[in-house]
Amino acid sequence: MVQIQSLSTLTLCGSVEVSSSWRNRLNSRKASSLFGDRCVSCQFLRKSPSFRSHWKSLKQRNLLRVEARWPFQGGGGEQGLDPSSERSESANEDILIFFFQLDLATRVQYALNLEQYDIAQQLREKLTEVEEEAIRLQDGKRGSSSKSEAQDKGISIIRLRADLQNAVDSEDYGLAAKLRDEISKLEAESLAVSAKALAFEKAEYAFRLGQKLRHKTFGYRAVVCGMDPICCESNSWMEAAEVDKLPRGSNQPFYQVLVDGRTHPDILVAYVAEDNLLAPEKPDKERFDHPYISFLYYGADTAGDFIPVKQLREKYNRPRHEVPFDSQEEE
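Numbering follows the UniProt record's numbering, in which position 328 of the sequence shown is assigned residue number 328; successive positions increment by one, without gaps.
I should point out that these hints are in silico values taken from the structure, not numbers from a laboratory.
Each residue gets a CB set at the ideal place from its N, CA and C atoms; glycine is no exception.
Mixed in with the good hints, there may be bad ones.
Stated by the list, open to error - Computed spacing ranges between beta-carbons, pair by pair:
1. Leu137 <-> Ser250: 27 to 33 Å
2. Ser84 <-> Ser170: 41 to 47 Å
3. Asn251 <-> Glu132: 29 to 35 Å
4. Tyr117 <-> His321: 21 to 27 Å
Said to hold, decoys possible - With a straight-line Cα cutoff of 25 Å, these simulated DSS-like cross-link-like pairs (lysine-lysine) come out:
5. Lys310 <-> Lys216
6. Lys126 <-> Lys285
7. Lys310 <-> Lys202
8. Lys282 <-> Lys216
9. Lys216 <-> Lys245
10. Lys285 <-> Lys310
11. Lys315 <-> Lys202
12. Lys126 <-> Lys310
Use the sequences and the hints to build the structure in full.
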């Protein structure tokens with residue numbers, strides 16, 4: 001089972017460093033062992049014989065080849081972009097926090113099995129703290145908090161309109177003008193947060209968790225490990241990735257994807273717009289190398305796609321995908 005593996009060896013290199021707020025929240029021996037100074041992929045490779053033998057040579061050989069190829073990749077060269085422009089530290093941090101939750105849950109069960117109830121209680125309290133924080137961050141990201149925010153803005157607008165009417169009745173037109181501008185601003189903000197909340201409630205995705213895809217511009221193979229109905233990255237990230245130049249801009253599904261390490265060993269997680277992803281015409285059963293695979297998926301199905309662990313499906317409220325039965329293959 002994926003959950004049995006301990007994540008205490010997981011540590012971070014500079015490119016995927018966890019925020020200081022999380023380091024403070026998780027200030028414990030457990031957190032210290034989780035958030036160190038070694039590279040996360042190297043720690044995984046220590047536990048994976050299939051990676052140890054060739055990962056170093058892949059980084060030395062393929063990275064040079066990839067860098068030489070980027071300027072000639074269709075739209076990528078014209079736009080001045082390369083695959084690293086869609087690298088996402090926040091998406092990687094989100095996955096690492098998910099790993100931490102899995103590990104704490106495993107340790108709680110292990111302590112209970114050994115009848116170490118005091119240790120189990122301490123771990124359960126830490127797990128509750130992490131889960132509450134993860135839910136809070138997820139709600140803010142997914143627009144759940146936008147509902148209450150929109151309601152608060154609506155109440156403020158009603159009050160301002162009453163003040164506006166009083167200002168007009170008293171012929172204080174200067175104050176009325178200021179109130180009218182403030183009302184217009186709040187109405188625009190309320191519409192924006194309401195649209196975000198609605199987008200998350202009625203999200204429709206072209207791709208699913210665990211599905212193998214290919215990047216339209218850069219050509220690399222990827223596996224979906226997360227999804228948002230709209231772009232949830234920062235404005236600076238969207239500017240660097242030139243999201244505004246996409247056909248649907250930022251108002252389309254964006255996917256957290258693992259990038260095949262055989263071609264781009266320097267990119268762990270990318271955040272890619274649906275416009276930039278393409279499902280293969282035929283099942284992709286080729287080997288896919290990435291240090292997170294064994295923690296996020298049970299294995300591959302008969303079509304070559306990966307089967308996400310139950311906790312990952314629950315995180316995104318996605319159903320289990322069943323591969324259609326092909327009678328011709330059986331024959």
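Which numbered conditions among the earlier hints are violated in the structure presented, ordered from lowest to highest?
The structure conflicts with hints 1, 2, 4, 5 and 6, although it agrees with all the remaining ones.
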